[in-house]
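Chemist: Working from the sequences, and respecting the hints, build out all of it.
8 protein chains.
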Amino acid sequence: MSKVVIIMGSKADLDWANKIVDALNGFKIDSECFIASAHKVPLECYNIIKEQEKHNPVFITIAGMSNALSGFSDAQTSCPVIACPPVGDSFAGADIYSSLRMPSGVAPMVILNPKNAALAAAKIIGLNNDEVRTEVSKFQDAQRQKLIEDNGSIRSN
Amino acid sequence: MSKVVIIMGSKADLDWANKIVDALNGFKIDSECFIASAHKVPLECYNIIKEQEKHNPVFITIAGMSNALSGFSDAQTSCPVIACPPVGDSFAGADIYSSLRMPSGVAPMVILNPKNAALAAAKIIGLNNDEVRTEVSKFQDAQRQKLIEDNGSIRSN
Amino acid sequence: MSKVVIIMGSKADLDWANKIVDALNGFKIDSECFIASAHKVPLECYNIIKEQEKHNPVFITIAGMSNALSGFSDAQTSCPVIACPPVGDSFAGADIYSSLRMPSGVAPMVILNPKNAALAAAKIIGLNNDEVRTEVSKFQDAQRQKLIEDNGSIRSN
Amino acid sequence: MSKVVIIMGSKADLDWANKIVDALNGFKIDSECFIASAHKVPLECYNIIKEQEKHNPVFITIAGMSNALSGFSDAQTSCPVIACPPVGDSFAGADIYSSLRMPSGVAPMVILNPKNAALAAAKIIGLNNDEVRTEVSKFQDAQRQKLIEDNGSIRSN
Amino acid sequence: MSKVVIIMGSKADLDWANKIVDALNGFKIDSECFIASAHKVPLECYNIIKEQEKHNPVFITIAGMSNALSGFSDAQTSCPVIACPPVGDSFAGADIYSSLRMPSGVAPMVILNPKNAALAAAKIIGLNNDEVRTEVSKFQDAQRQKLIEDNGSIRSN
Amino acid sequence: MSKVVIIMGSKADLDWANKIVDALNGFKIDSECFIASAHKVPLECYNIIKEQEKHNPVFITIAGMSNALSGFSDAQTSCPVIACPPVGDSFAGADIYSSLRMPSGVAPMVILNPKNAALAAAKIIGLNNDEVRTEVSKFQDAQRQKLIEDNGSIRSN
Amino acid sequence: MSKVVIIMGSKADLDWANKIVDALNGFKIDSECFIASAHKVPLECYNIIKEQEKHNPVFITIAGMSNALSGFSDAQTSCPVIACPPVGDSFAGADIYSSLRMPSGVAPMVILNPKNAALAAAKIIGLNNDEVRTEVSKFQDAQRQKLIEDNGSIRSN
Amino acid sequence: MSKVVIIMGSKADLDWANKIVDALNGFKIDSECFIASAHKVPLECYNIIKEQEKHNPVFITIAGMSNALSGFSDAQTSCPVIACPPVGDSFAGADIYSSLRMPSGVAPMVILNPKNAALAAAKIIGLNNDEVRTEVSKFQDAQRQKLIEDNGSIRSN
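Sequence lines, in order, name chains A, B, C, D, E, F, G and H. Per UniProt numbering, the first sequence starts with residue 1, numbered consecutively. Per UniProt numbering, the second sequence starts with residue 1, numbered consecutively. Per UniProt numbering, the third sequence starts with residue 1, numbered consecutively. Per UniProt numbering, the fourth sequence starts with residue 1, numbered consecutively. Per UniProt numbering, the fifth sequence starts with residue 1, numbered consecutively. Per UniProt numbering, the sixth sequence starts with residue 1, numbered consecutively. Per UniProt numbering, the seventh sequence starts with residue 1, numbered consecutively. Per UniProt numbering, the eighth sequence starts with residue 1, numbered consecutively.
If you are wondering where the hints come from, they were derived from the structure by calculation, not from laboratory data. The structure presented is a predicted model; accordingly, all values stated were derived computationally and were not measured. All C-beta atoms in this analysis are idealised placements derived from N, C-alpha and C, irrespective of residue type, glycine included. Each statement offered as a hint is correct.
Pairwise CB distance ranges, derived in the manner of DEER restraints:
1) F:E53 - H:K54: 28 to 38 Å
2) E:D30 - G:T134: 52 to 62 Å
3) B:D15 - C:D130: 51 to 61 Å
4) H:D30 - A:G26: 50 to 60 Å
5) C:S104 - A:L43: 49 to 59 Å
6) C:K146 - E:G26: 27 to 37 Å
To be clear about the criterion: a stretch of chain B counts as covered by chain D if any three or more of its residues have a C-beta under 8 Å from a C-beta of chain D, and this derived list gives those stretches:
7) 33-45
8) 86-95
Modeler: So, in structure tokens, the structure goes:
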């Protein structure tokens, strides 16, 4: 079964990464975290990607401000890459465009919310893993059930 | 092997969808297209998703303006969903936020460029399909080779 | 007399909904609240709309982030729908465009302020209900009177 | 039965107004057009509103650039007001905020697309007019049918 | 000598107005404040403008959110109008466009900072009033002197 | 009587300046045009301002892109300065902020439309010149009359 | 004397690069162009930088859309890097933030206009090269002279 | 060896300037600070630039809001100018465009982060100063080492 490889551009992104790790655990998916900046240590970053690629993972890349890491990673591997950038408030959050505006042939998939990034990775892995897929379905059923109960609770008052 | 199911919100999106279909063909991936609006025909849209979900596809959803389709689709299936909205120029392209700003538990993955959406789908399918994965690698190698040749060509003048 | 049916996408929107309910009470208009996500429980959402539509209401829909609910609701009913999304600060409030940028044939009417949404609903109901219309006129007269008094108060100093 | 009163801020808005008139005709709704600027001829504008208000209409206001007309109109009548501003491309369409950012107690309802403004007006009138309501339902059914046929047409190839 | 007439759209703008009044006092210019909303009490607003216009003032208009007051005032008087809107942070301050985007023939002059609005009014009045003009020059000299002293202070360390 | 001194940052702004000159002629106001960049020839620019200031003019400054000229001019004269920048479409017209975002004590008054800049200058000059003031009133009356006729014309059909 | 090394991310940027080359020629500065994408061929890009760095150049990097190249280059060399991205109109030119929003320790210097990028490089080289510095001064004098002549030309009419 | 000359537009920018001074000290580069507004004291500002230019410095200019200082400085000297504006949050940080949108022939180089501005200045000076260049390389090596250690630290847990 594919695991998830999380690469973050700086140790400052560790809390963000751990939100993804926790959510992946909820889907019974193993993950491994790395710190590597595409700007500052591209050779080390390249080596991590090529080494991890052998294990057939889904990559999740985390880089704030100008996000070079997600495109760099995606272009160096045939595995899927989810970009989950911790976008701040500066310039109305315009950093998101550095994750979205990829040239032709570079295709990281962008998700804003770290829990949602884990869910998307789970759906990808679930395509070929029934246990994970069942966890995804259970998660989706639970949130549907929660909404129906919430509706009942405000209407029974 | 997973195929790709493309759902577009209007027949006006057919050209955009065909760009994805063509690129998927290049990766030797079958695809099937549907038209269904989450706003106007949600029950039909739901039925398409549930029927196609049985075949374990990667979904790609196409909806311009306010994109309800991608979140709707993602929340109704345990399969992965790539949102590839044809974002126009109005309001500085702010329609993209209707694809990105998903609530917790709804996780379409956003890609702007239709060829890149096909590449991302190929990477997902390639996780468990060597033939597709090889096509992805060949594509990536070719674009690397193209860049190296381009560099040579301007430098030999 | 028409009542107002408020549908919110999540229980987290309850405070926002209650501001509308309170303002409707001020216009002597009954309202009923429901929780239903167009993303997560579209069938339940559809059923609420079709059931409530029988009572000839004005709908007010409340959904933050990417607003699928308002367009979904509007397209499923011949009754008028007012979208009153609780737009946050992220991305300079660009979520508003998911309420505004509707395709042809989908026509929720957008109002930012929840009290104003109640006022607009009262004006609609007042078209055929003299009691409500009188309440609207009294409200408008009172705010005019307040401005004239405020002007007097700063000028008598 | 309520008619629709369209007030536009300048004769330059006449084409935009006529799109609304035509769509209202499709719903069998009469309309009447006026030109009056809240900036330049506020007394004339006020008189039009007060005179037309006697006939219990739905107002639709059309004003480009900084939209004073919609708020001015809404605050002077107990009838509902739909703002349908012809927003241009300058400043990324930021003119829309002059229609949306109303003070407390001023409640025009904003719709971008002129045909959709007509549809919304028809829904309001249809609350108490079965003929118009039937026209709305027929319109909605037709667009659903069109989507289903479009889906069929691309899938039978 | 011209005085300044300040019209604010709501009593909530009184602190903003007082900043202008205080700065005008510094230039030895009298001012008078009024509260009148162009949305809610246009007839009263009109009467204030026409009555005050007789005294040949410079108008300063203050209105937050969608600013109808500045254009309304400017179009009703042959005296100059300075718009000094208290622009908030919502939607990245896009309210400013409701002050700027005036139709042809409506010409309020926009200044963001209330003290600067007072300075601009002083410069206008100073064109024909030597006392005020001298105050403006003294103010400008003082801020130049302050900068030169500041430069000296950091350089003598 | 005050004339208007127009300073433009580049000869490329001459068409824009001429729109202002023509509109000033309509108000029977003389004007004189200069080319001087606050970036490139600040000493020449300073000398023009100090020389012209002796004649007690209203200044209108024209500078595209990053507008240094308007603030530079305003801070060097006790006469009023209207900034009328020819804002382009790049970056959603964000150049306007270089005209608006002035530090404390620098107070150019911003107007987008060149004809409106001329009108505002006429209103300023009209405060102490009855002929110009009469021209402003005639202009305003004419545009009111035009609107009333336009309203009549579409209603007599 | 330092030369300028221009690295562009794609052959599509060649016209943009040539504008810089031509302007550098005007300052009598040699330049050399390379094509290398930090996303797609980072190792080749790294090698170009390290090889060229030996010659002590000023680097100018050209990359549209999400600009990884400029930060990548800057972090791999102790030589100065000027980022001159060909920013398009999509999303109101928000691509510029991928050039500006650099993490701590990565310091490309951003210039929008390609001729200005050449001028900035010339100023850097001119710090230690009198011939280039003289060319810069001549260029600046010429543009000052041009402005003074332009001012004369419109004033002699 | 070139020193760095820092010009700030107001004493309020002193903390920002000191961040640059401290970082320059880390690269063993001397600096000198001046306060001078291009708006308010352009002649003094001009004199500072011309006097300091004799010492062959790199200039760093600091001006918030509408930044006239950087373009003014750049156009008055043949030495390189780095603009490091303290951009605030108002209007989504749109002040940055007053630093970026320079006319042809005016070429300040923009950097957002004050430490990065110091690093860029060090790289420029390092082109002809081995001691400074060595400091730059040591700084870059240290941040690479830090990243590698950070990666090791989270992976050894």
